[in-house]
Every structure is written in C-alpha cells, then in structure tokens.
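For the sequence shown, numbering that gives the first Met the number 0 assigns the number 0 to the initial residue and increments by one for each residue that follows.
Hints in this document: simulated from the structure, not taken from any laboratory. Be careful, since some hints might not be right.
Stated by the list, open to error - List time: in silico EDC-like cross-link candidates among lysine to aspartate or glutamate, alpha-carbon distance up to 20 Å:
(1) Lys213 <-> Glu156
(2) Lys157 <-> Glu171
(3) Lys213 <-> Glu101
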Amino acid sequence: MSRRGIAVTGAITAALLLSACSGGDSGASDAGGSSTTLTVFAAASLRSSFEEIATDVEADHPGVDVRLSFAGSSDLVTQIGQGAPADVLATADTATMDQAVEQELVTGTPQDFATNTLTIAVPAGNPAGITDLASLAEPGVQLVLCAPQVPCGRAAEKVEGSAGVTLSPVSEEQSVTDVLGKVTSGEADAGLVYVTDAASAGDAVEQIDLPEAKAAVNTYPLAVVAGTSQEELATEFTQEVLGPRGQEVLAAQGFQAP
0 MSRRGIAVTG AITAALLLSA CSGGDSGASD AGGSSTTLTV FAAASLRSSF
50 EEIATDVEAD HPGVDVRLSF AGSSDLVTQI GQGAPADVLA TADTATMDQA
100 VEQELVTGTP QDFATNTLTI AVPAGNPAGI TDLASLAEPG VQLVLCAPQV
150 PCGRAAEKVE GSAGVTLSPV SEEQSVTDVL GKVTSGEADA GLVYVTDAAS
200 AGDAVEQIDL PEAKAAVNTY PLAVVAGTSQ EELATEFTQE VLGPRGQEVL
250 AAQGFQAP
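Construct all of the structure, not just a fragment, from the sequences and the given hints.
This is how it looks when you write it as structure tokens:
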C-alpha cells in the first residue's frame with residue numbers, strides 16, 4: 000500500500016521549504032543540497048521496529064533524515080523536559096506519556112499504537128534451571144529487572160503483586176535492553192523483558208512462559224513534541240506508525256495491536 004499522497008507531498012514540501020528558508024536550523028546541508036531532519040525519541044524496546052519504519056519514511060520522503068534516539072521512556076521524557084530537541088515521542092506505557100502531557104511537552108492527544116507484555120528470559124541452555132516466576136525468587140538466583148520508574152519495571156511490579164511473589168533483583172536497569180544485555184552476556188540467570196526483546200535476541204536467550212504477564216499489559220502511545228519546527232512531518236511519522244505498514248512492522252516484531 001502506497002504511503003504517498005497529496006497530503007504527504009504537501010507536508011514534506013512545506014518542511015523542505017521551511018528548512019531552506021531557515022538556513023538549516025532544523026536540518027543539515029551537504030554538497031547535494033539541504034535535508035530535513037526529523038528526530039524521534041522512542042522507548043528502547045522499539046528499536047528494531049522504528050528503525051524499519053524510519054527507513055520506509057525516508058524512502059517515501061526524499062530529503063528527510065529520520066534520526067532515532069532510544070532509551071528508557073522516563074529518561075526520554077526527562078531529556079525533552081531539559082530542552083533536548085525532539086519532534087516525536089513514543090513511550091512504552093501510558094503513565095510515562097501522561098507525565099509528558101502534564102508537563103506540556105507534547106501536543107494533541109497521544110495515540111496508542113501497540114501493546115507488549117513481559118516474559119522471563121534466560122541465557123541459552125537455562126543454566127540456573129528457571130521454570131516459572133516463583134523460581135526467580137529462590138535463593139541464589141541472579142535476577143535482573145528494570146528499575147521501578149521505567150515502564151518495564153512498573154510492569155514487573157504489577158506481575159509480582161498479581162502473583163503474590165516478592166522478587167529481589169541483583170540489579171535494576173534503566174531500560175529493557177540493558178536487562179536483556181545482562182542475560183545474553185551470562186551476567187544474570189534471568190530477567191523480565193518484553194516478549195519482543197526476547198524474540199529479537201534469537202538463540203542467545205530462551206523464554207520461560209509467564210502467564211502472570213497478562214496482569215501487566217503495556218500500551219505504547221506516541222505524540223508530537225511541543226514546539227517542534229517539523230510539526231507536519233512529525234504528524235506524518237505518527238501516521239506511518241499507526242497505518243497499515245507501521246502496524247505490519249510492529250506485528251512482525253511481536254507487538255500486539257492496542
């Protein structure tokens with residue numbers, strides 16, 4: 000399905016003209032002319048999906064450079080609040096996006112575009128013999144979780160509360176990719192990560208079924224950042240994520256529909 004159209008062409012033309020007239024404040028110049036930069040701040044768990052979507056957007060919008068910045072959702076909101084330049088914000092839960100709304104860091108109403116759940120990830124071969132959520136609480140298990148202030152950490156707390164299990168991690172990380180990294184490197188016996196991240200790790204990890212995860216489904220919203228000079232182009236990016244092609248990419252990575 001083509002993503003080109005009169006509205007898209009008009010938006011990009013306007014964005015390119017704005018970039019040219021502003022002397023490159025919102026873009027970069029090279030020997031071949033000027034380009035327009037769109038900066039997207041996205042939750043770390045969206046890396047693979049958004050990289051593919053960004054490639055599609057650039058292919059459909061000549062002269063546009065989509066720059067992606069991935070981190071824990073709460074860190075992204077903090078960065079924008081401190082003045083970091085961004086045009087689009089996508090978080091891994093609604094609570095973090097609500098913080099951005101309350102601080103007036105985004106415009107309009109954030110739109111939900113995907114959902115995700117946690118799973119237990121263990122290193123290949125499962126050396127610690129993890130079997131379920133309860134086994135993560137056994138003495139000696141080197142468990143890694145996301146910190147409570149980030150979406151994957153809040154989801155882990157909901158899972159604990161629902162199951163009546165108390166987990167004692169040896170470390171708490173600021174993003175789900177950091178948790179996954181400790182599992183794949185063998186630094187941890189297990190970690191709670193999103194199913195999409197576990198899938199992206201391939202044979203480096205094994206997944207242990209986590210029925211309790213249904214108590215903590217994370218909904219992912221995105222919105223245009225307030226004060227952006229690329230509002231029309233930023234809106235086009237959000238529409239790409241919400242549209243058929245974007246949803247296809249997200250589904251292929253294991254995300255569920257909102």
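Quiz item: So which hints don't hold here, by number, going up?
Solution: Result: hint 3 breaks, nothing else.
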